[in-house]
Amino acid sequence: MDILNAFLIIGALGLLLGLGLAYAAKKFAVKKDEKAEDILAILPGANCGGCGFPGCSGYAAALSAGTAPNGLCPPGGAPVAAKVAKILGIEAEETAERMVAFVHCRGNHELSQLDYKYDGIEDCNAAALLFKGDNTCKYGCLHLGSCIKVCPTDAISRDEKGNIMVNPALCIGCKKCTLVCPTKVIRMIPARGSHAIACNSNDPGGKVRKICQVGCIGCKICENKFPESGCKVVNFLSEIDYANPMTQIVQAAKACPTKCIVEAK
Amino acid sequence: MAYIGIVITYIFINNFIFTQFLGLCPFIGVSKNSESALGMGMAVTFVMGLASLITWLVYNFLLVPLSLEYLQTLSFILVIAALVQLVELVIQKNSPALYQALGIFLPLITTNCAVLGIALINITQGYNLMESFTAGIAGGLGFTLAIILMSNLREKLDLQPVRKSFKGVPIAFVSGGLMALAFMAFDKALLSNLLG
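Chain order of the listed sequences is A and B. Going by our numbering, the first sequence opens with residue 1, and the numbers climb by one from there. Going by our numbering, the second sequence opens with residue 1, and the numbers climb by one from there.
The set of hints was computed from the structure by calculation and includes no laboratory data. The C-beta atom is built at its ideal place from N, Cα and C for all residues, glycine as well. A hint or two may mislead.
As the list claims (entries may be wrong) - Taking lysine to aspartate or glutamate and the DMTMM-like style, the derived pairs with C-alpha atoms no more than 25 Å apart in a straight line are:
| no. | chain 1 | residue 1 | chain 2 | residue 2 |
| --- | --- | --- | --- | --- |
| 1 | B | 156 | A | 154 |
| 2 | B | 164 | A | 37 |
| 3 | B | 164 | A | 160 |
| 4 | B | 156 | A | 34 |
| 5 | A | 225 | A | 263 |
| 6 | A | 220 | A | 160 |
| 7 | B | 93 | A | 37 |
| 8 | A | 83 | A | 34 |
| 9 | A | 149 | B | 35 |
What the hints assert, rightly or not - Listed below are several chain A residues computed to face chain B (Cβ distance under 8 Å; list not exhaustive):
| no. | residue |
| --- | --- |
| 10 | 3 |
| 11 | 9 |
| 12 | 10 |
| 13 | 13 |
| 14 | 17 |
| 15 | 21 |
| 16 | 22 |
| 17 | 125 |
The shape of chain A in the complex, shown without the other chains (with noise of 0.2 Å):
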């Protein structure tokens, strides 16, 4: 008799407190956003916070409120923004274009001179406090991949010679390494340029030379040779302005002193 006993006992456990979960389950019943869930389910769900919302989940709440635009999503991209106008019945609007991250500095511990031997930890960001990094040139590169450990996808890597490099491919601009990074050189360009700077340096040209052997020494060649590059020196450093056709931008590349107009790729 012990063992109906038990069985009833458990048995009828299970039962009450199936039944109170069912009916708690309905009478505490949370209205979900239909909405926001269907958008979330078309988000990447990368949680990169390219759209400057806390992860994708934030991004479908605000969207679906009405209170974010539409697009805002690197990695998404024109594809999801359609999708996402689809649900919200507006029309999909002409999304930003494409924008990669580009470390902007090819120097490495050969090619550029140093200040000072750094031992600490692997940390661009804990270099940076001791007088703004190794490197003599205060704006490039500090090779110790601070960004390399934010990026979500993998894009950033370290190639034979030292130098960071990010791959566009695999880059979705949620711009998490241009935050990080302590001399700001990496910075976004659109992913449809052929070429960019590899140099960040406001440095006067005689001591870039000195210091460097990769860097913009502000020579004008670029600018002035090739106005169709798309080039221009301000403050010693050539900047390409993307929205020009850049016809001549490979000449310019060849004529470069110092090689620092480099493809991107």
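Dock chain B against chain A, hints included.
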């Protein structure tokens, strides 16, 4: 005085993590950063206190009269799981902010062995209702203390040049073990000295 003894016992002397080795899964799993460790600790404290109350009632008013004490493990698991589900529903409805803070941790601790452990310990120790509740809360606080200590340690460890073979969880286990050794300093003799 008995209550103070219970509190000190379950926070320091019989700490669930460091002395009884119960609830180690969240101790390693959710101790990567101190914020979520605190969230987990609060959720465990809450559930352990509540589970102590309910399981004591189930045991003394349902199982004992029917002399079905041997069913305690089974029925406690059932009751605790249902209780956590109910609490989650109620919190989600009434306090979305608290739900955001605890929500993801609540389902994780449905079958946490620290929760079942305190329910069973209350019975074997022969505590009354209030003593059980105190033991539950104190056990939860001990768990919170352990997981917060661990998370702070791991945040610091992340910045240290740990050997590759030890990086991550292995060094966490080693440091957890060392912390458990340190907690052996709290023992029954200390308690009797404290309480005279």
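Structure-based check of each hint:
Restraint check: the Cα-Cα separation between residue 156 of chain B and residue 154 of chain A comes to about 24 Å, which is no more than 25 Å; the hinted pair holds. Using a Cα cut-off of 25 Å, the hinted pair residue 164 of chain B and residue 37 of chain A is violated, with the two alpha carbons roughly 41 Å apart. Distance restraint check for residue 164 of chain B and residue 160 of chain A: the Cα-Cα separation of roughly 21 Å lies within the 25 Å cut-off, and the hinted pair is therefore satisfied. Distance restraint check for residue 156 of chain B and residue 34 of chain A: the Cα-Cα separation of roughly 42 Å exceeds the 25 Å cut-off, and the hinted pair is therefore not satisfied.
With a C-alpha separation of about 19 Å, the suggested pairing of residue 225 of chain A with residue 263 of chain A holds against the 25 Å cut-off. For the hint pairing residue 220 of chain A with residue 160 of chain A, the CA-to-CA distance comes to about 31 Å; that exceeds 25 Å, so the pair is violated. Of the supplied pair hints, the one linking residue 93 of chain B and residue 37 of chain A holds, its CA atoms being roughly 18 Å apart against a limit of 25 Å. Taken as a hint, the residue 83 of chain A and residue 34 of chain A pair is honoured in the structure, with Cα atoms around 15 Å apart against an allowance of 25 Å.
For the suggested pair residue 149 of chain A and residue 35 of chain B, the alpha carbons sit about 20 Å apart, so the restraint of at most 25 Å is met. At about 11 Å, the closest approach between the beta carbon of residue 3 of chain A and any beta carbon in chain B exceeds 8 Å, and the interface hint on this residue is violated. For residue 9 of chain A, the suggested interface contact is upheld, since its CB lies about 6 Å from the closest CB of chain B, less than 8 Å. Using the Cβ-Cβ criterion of 8 Å, the hint placing residue 10 of chain A at the interface with chain B is satisfied: the shortest such distance is roughly 6 Å.
Hint status for residue 13 of chain A: holds, given a least beta-carbon distance of 6 Å to chain B, under 8 Å. Hint status for residue 17 of chain A: holds, given a least beta-carbon distance of 4 Å to chain B, under 8 Å. Below 8 Å, beta-carbon pairs count as interface contacts, and residue 21 of chain A has one with chain B at about 6 Å; its hint therefore holds. Below 8 Å, beta-carbon pairs count as interface contacts, and residue 22 of chain A has none with chain B, the closest being about 10 Å; its hint is therefore violated.
The restraint placing residue 125 of chain A at the interface with chain B is violated, with a minimum CB-CB distance near 11 Å, outside the 8 Å limit.
The structure shown violates the earlier hints numbered 2, 4, 6, 10, 16 and 17.
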